[in-house]
Amino acid sequence: DVKVTQSSRYLVKRTGEKVFLECVQDMDHENMFWYRQDPGLGLRLIYFSYDVKMKEKGDIPEGYSVSREKKERFSLILESASTNQTSMYLCASRSQGARSYEQYFGPGTRLTVT
Amino acid sequence: GQSLEQPSEVTAVEGAIVQINCTYQTSGFYGLSWYQQHDGGAPTFLSYNALDGLEETGRFSSFLSRSDSYGYLLLQELQMKDSASYFCAVMGTYKYIFGTGTRLKVLA
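The listed protein sequences derive, respectively, from chains A and B. Heads up: the first sequence runs through residues 5 to 118, numbered per the numbering used here. Heads up: the second sequence runs through residues 62 to 169, numbered per the numbering used here.
One thing to keep in mind: the hints can contain errors.
[Unchecked claim] Here are the computed lysine to aspartate or glutamate pairs in the DMTMM-like style, where the Cα-Cα straight-line distance is at most 25 Å:
no., chain 1, residue 1, chain 2, residue 2
1, A, Lys7, B, Asp143
2, A, Lys17, B, Asp100
3, A, Lys74, A, Asp42
4, B, Lys142, B, Asp113
5, B, Lys166, A, Glu26
6, A, Lys61, B, Glu66
7, B, Lys142, A, Glu106
8, A, Lys7, B, Glu66
9, A, Lys75, A, Asp63
To be clear, the hints were calculated from the coordinates, so they are not data collected in a lab.
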């Protein structure tokens with residue numbers, strides 16, 4: 005079974021702190037994604053990566069950056085956390101090969117910025 | 062821009078059939094998918110339509126009509142455990158665009 009893990013389920017940070025959210029997948033997937041999920045807004049794509057060291061902006065990249073140094077790991081960085089970044093953050097991965105339409109999600113990190 | 066519209070909430074009784082609609086405004090995509098998310102859980106893949114028509118997977122079926130920019134998820138023989146949020150999503154070359162989700166409440 006594909007497994008996508010995220011470093012924390014719950015995180016509380018202060019305004020202005022630098023925040024790292026880590027995501028690891030164990031299925032050798034090429035594509036990895038970071039979403040945030042807010043009530044009534046669905047899943048919004050922040051950044052994605054289709055290969056090691058490659059990254060592309062999603063729909064709401066402002067205030068975020070990402071890093072993908074290894075194929076299995078995709079990190080989301082909040083350079084200076086703000087209260088409007090309080091949200092549920094979901095990491096996902098999917099293959100470029102067979103069943104490339106099937107995206108696998110991690111359990112999510114609920115981040116609160118105070 | 063690209064957008065997908067779904068009803069925000071649907072309520073049905075156990076054993077019934079429910080249809081969740083998804084209309085989209087987007088150009089050039091490979092297919093339409095559906096995901097289920099229980100409260101506090103991660104979204105999980107349910108179905109994918111690459112072509113127009115109906116795809117059946119057990120109690121769940123999904124339909125796509127590209128000419129009508131429309132799709133739906135059909136859930137039969139509803140069970141309490143089907144209470145969850147359901148998201149439609151269109152798949153592009155690298156990324157998905159997700160709808161805002163439909164919260165399904167199944168009543169006993």
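Hint check:
1. A/Lys7 <-> B/Asp143: The given pair, whose Cα atoms are some 23 Å apart, holds under the 25 Å limit.
2. A/Lys17 <-> B/Asp100: This hinted pair holds, its Cα atoms lying about 24 Å apart.
3. A/Lys74 <-> A/Asp42: Between lysine 74 of chain A and aspartate 42 of chain A the Cα gap is close to 29 Å, so the pair fails against 25 Å, i.e. violated.
4. B/Lys142 <-> B/Asp113: violated (29 Å)
5. B/Lys166 <-> A/Glu26: Answer violated: lysine 166 of chain B to glutamate 26 of chain A is near 33 Å, above 25 Å.
6. A/Lys61 <-> B/Glu66: With a Cα-Cα distance of about 23 Å, the restraint between lysine 61 of chain A and glutamate 66 of chain B holds, given a limit of 25 Å.
7. B/Lys142 <-> A/Glu106: Holds, because 22 Å separates the two Cα atoms, which is no more than 25 Å.
8. A/Lys7 <-> B/Glu66: Answer violated: lysine 7 of chain A to glutamate 66 of chain B is near 30 Å, above 25 Å.
9. A/Lys75 <-> A/Asp63: Judged against 25 Å, a Cα distance of about 23 Å means the pair holds.
Of the numbered hints given earlier, the model fails hints 3, 4, 5 and 8; all others are met.
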